[in-house]
Amino acid sequence: MSQSSRPRRRQNRLGWGIGILVVIGVLVAGFFLFNRDQPSNVRLNYALTRPQRSPISATVNASGSIQPQQVIDLTFASSGLISEVLVQVGDQVAAGQVLARLDTRDLELRVDQAAAQLAQAQASLDRLRAGPSAAEVAAAEAQLAQAQAQLRQTTGNVTEQDLAAARAQVEQARANLERVLGGPKASEVAQAQAQVDQAAAALQAQRDSLSAAKTRAESQLLQAANTLRDRQAEYSRIYNENREREQQLARFGQSLPQSALDTEAAALRAVENAEEQMRQAQVAYEQARQAEITGIAQAEAQLRSAQANLERILAGADPDQVAAARAQLAQAEANLNKLLGDQRAGSLAAANAAVASAQANLQRITAPPSEADLASAEAQVASARASLAQAQLALERATLTAPIAGVVAEVNLEVGEFYNAARPAVVLADLSGYYVDVTVDEIDVAQIAVGQPVILVLDALPNLDLRGTVARINPLSIVQSGVTAYTVRIVTDDPPASVRPGMSASADIIVAEKSEALVVPRRAIRAEGGQFFVDVTTDPALCSLDIAQRPLQPPLQAVAVQTGLSNEQIIEISSGNIDENSCVYVPGVDARIDLFSGPPPGVRGR
0 MSQSSRPRRR QNRLGWGIGI LVVIGVLVAG FFLFNRDQPS NVRLNYALTR
50 PQRSPISATV NASGSIQPQQ VIDLTFASSG LISEVLVQVG DQVAAGQVLA
100 RLDTRDLELR VDQAAAQLAQ AQASLDRLRA GPSAAEVAAA EAQLAQAQAQ
150 LRQTTGNVTE QDLAAARAQV EQARANLERV LGGPKASEVA QAQAQVDQAA
200 AALQAQRDSL SAAKTRAESQ LLQAANTLRD RQAEYSRIYN ENREREQQLA
250 RFGQSLPQSA LDTEAAALRA VENAEEQMRQ AQVAYEQARQ AEITGIAQAE
300 AQLRSAQANL ERILAGADPD QVAAARAQLA QAEANLNKLL GDQRAGSLAA
350 ANAAVASAQA NLQRITAPPS EADLASAEAQ VASARASLAQ AQLALERATL
400 TAPIAGVVAE VNLEVGEFYN AARPAVVLAD LSGYYVDVTV DEIDVAQIAV
450 GQPVILVLDA LPNLDLRGTV ARINPLSIVQ SGVTAYTVRI VTDDPPASVR
500 PGMSASADII VAEKSEALVV PRRAIRAEGG QFFVDVTTDP ALCSLDIAQR
550 PLQPPLQAVA VQTGLSNEQI IEISSGNIDE NSCVYVPGVD ARIDLFSGPP
600 PGVRGR
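The opening residue of the sequence shown carries number 0 in numbering that gives the first Met the number 0; numbering runs sequentially from there.
Simulated from the structure, these hints should not be mistaken for laboratory data. Don't take every hint at face value.
[Claimed, not checked] Taking CB as the label site, the calculated pair distances span:
(1) 563 <-> 252: 21 to 27 Å
(2) 497 <-> 253: 47 to 53 Å
(3) 373 <-> 292: 24 to 30 Å
(4) 530 <-> 501: 58 to 64 Å
(5) 78 <-> 261: 53 to 59 Å
(6) 253 <-> 97: 52 to 58 Å
(7) 448 <-> 419: 47 to 53 Å
(8) 476 <-> 587: 35 to 41 Å
(9) 289 <-> 367: 47 to 53 Å
(10) 460 <-> 252: 21 to 27 Å
(11) 274 <-> 574: 48 to 54 Å
(12) 256 <-> 574: 36 to 42 Å
(13) 511 <-> 78: 41 to 47 Å
(14) 197 <-> 233: 49 to 55 Å
Where a beta carbon is used, it is the ideal one built from N, C-alpha and C, also for glycine.
Given only the sequences and the hints, what does the whole structure look like? Please build it.
Dropping the structure here:
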């Protein structure tokens with residue numbers, strides 16, 4: 000059976016061979032006939048190139064938007080009529096330069112009034128601390144001298160007028176002593192107590208209202224912070240999804256759809272809006288906190304002043320005043336007794352009483368002030384000083400000054416209009432430097448270090464050579480769509496005037512470099528079964544042929560290679576049967592493109 004089957008197999012093979020030759024002949028004839036009718040400038044869907052020896056930099060790519068070094072929203076602390084606008088958009092201003100003013104006439108009057116009240120309160124306190132003037136002391140000393148001289152007189156002449164006057168002096172002195180010993184009137188105490196109660200109620204009302212205002216501002220700040228985190232989380236999710244999809248599409252030479260880029264831009268704008276709301280909430284909270292401190296301090300000063308006044312009234316007359324009243328009564332009684340009978344004894348008693356009264360009066364004038372009087376005067380000075388500081392602060396805040404040197408980015412003021420804090424009055428930007436915050440996943444971030452050079456490419460200025468440096472790497476990670484990543488800040492100084500805030504930027508962070516390496520275009524590398532391959536033509540001379548002379552599809556041979564450093568354009572061949580004489584096949588590329596002199600790393604098809 001084996002012998003009879005062999006001739007059949009040879010016959011079948013012969014038939015198949017004849018059939019294959021016929022098909023090949025038909026295909027060849029058809030190929031020549033087709034090419035005869037086709038134009039000679041057919042564009043090939045591949046490129047051929049030879050490996051080159053050149054420097055190479057390994058990069059980690061990320062993207063973000065370029066932002067000014069600092070942006071400050073400036074607002075007036077209160078509403079008012081706008082009297083001056085001294086800048087316009089685009090002006091360069093220095094730190095401390097005046098930008099705008101509100102109408103300050105009313106505020107200036109309040110400052111003058113508060114200064115006058117403080118001067119008056121301070122003068123009263125100084126006068127109390129300094130004691131009596133020289134004239135007052137001289138008058139008391141003269142009174143004492145007169146009483147001592149009267150003591151030496153012994154006159155016995157008495158008239159009806161003298162008796163009437165003496166009796167009247169006794170009654171007046173007795174009434175004065177009763178008034179001094181009787182203490183303060185109930186009406187005076189009630190009035191002083193009412194002032195204390197009113198000041199305490201005002202203090203509590205200030206605390207309640209200002210604390211509530213601060214709590215509302217703090218709640219709004221928390222809400223703004225939560226909204227910002229939500230917008231950032233949504234943007235991070237969209238951004239990571241786009242980057243993952245972009246990497247997948249790049250393997251097939253495709254770009255990310257415009258709809259995905261639009262969604263990412265919308266999410267970024269939402270983050271920026273939330274950041275603006277966060278900044279406004281922070282300003283409102285700081286204003287409410289400062290208003291609480293100032294309002295409570297003023298109310299507390301008023302309460303201390305009322306309490307000091309009440310204590311002074313409740314304290315009543317001091318011992319010197321009581322002694323003076325008693326001496327005055329004794330003098331009047333002695334003078335009356337002298338006139339009524341025992342003239343010598345009465346004269347001596349009257350004279351002694353007069354001396355005692357004058358001495359008591361001199362001691363009262365020259366004695367230091369009481370603690371209650373000092374406390375009341377000091378409280379009035381503190382209250383006046385707080386009122387002056389508040390008025391001066393309101394006047395200062397009516398003038399808007401630049402806290403930093405920068406460029407005026409926005410002006411929302413018109414002279415004659417009434418200002419309110421719905422929008423920032425002036426937006427100031429420091430354009431002396433820019434930064435870009437990019438997100439790098441946990442695999443790539445280990446290669447990044449502070450100080451590494453960065454190539455920044457702006458969508459709007461693709462030919463601009465903008466260099467940057469890694470300034471910081473956030474120590475805390477963020478999780479986006481289940482991927483752990485870190486925020487990396489890139490800074491660039493002295494940018495050209497053509498750079499504008501908010502421009503989209505692609506960053507290539509250079510993590511490694513070689514001065515010379517054997518490189519091929521990145522698209523020439525393909526992966527299969529965990530191994531990298533480069534397709535080379537079986538005929539290396541094809542690289543030397545003119546494009547018009549190359550076949551539609553050259554015969555190829557796959558060469559296994561190992562790769563080293565790489566970037567978006569080229570990749571290093573660290574080992575493999577490839578050298579500068581090999582002819583490398585790059586699929587899906589216009590044959591007329593020079594793959595080694597294209598755009599620098601970082602420029603991608605968007």
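Name the hints, by number, that the structure is in violation of. Violated hints: 2, 4, 5, 9 and 13; rest satisfied.
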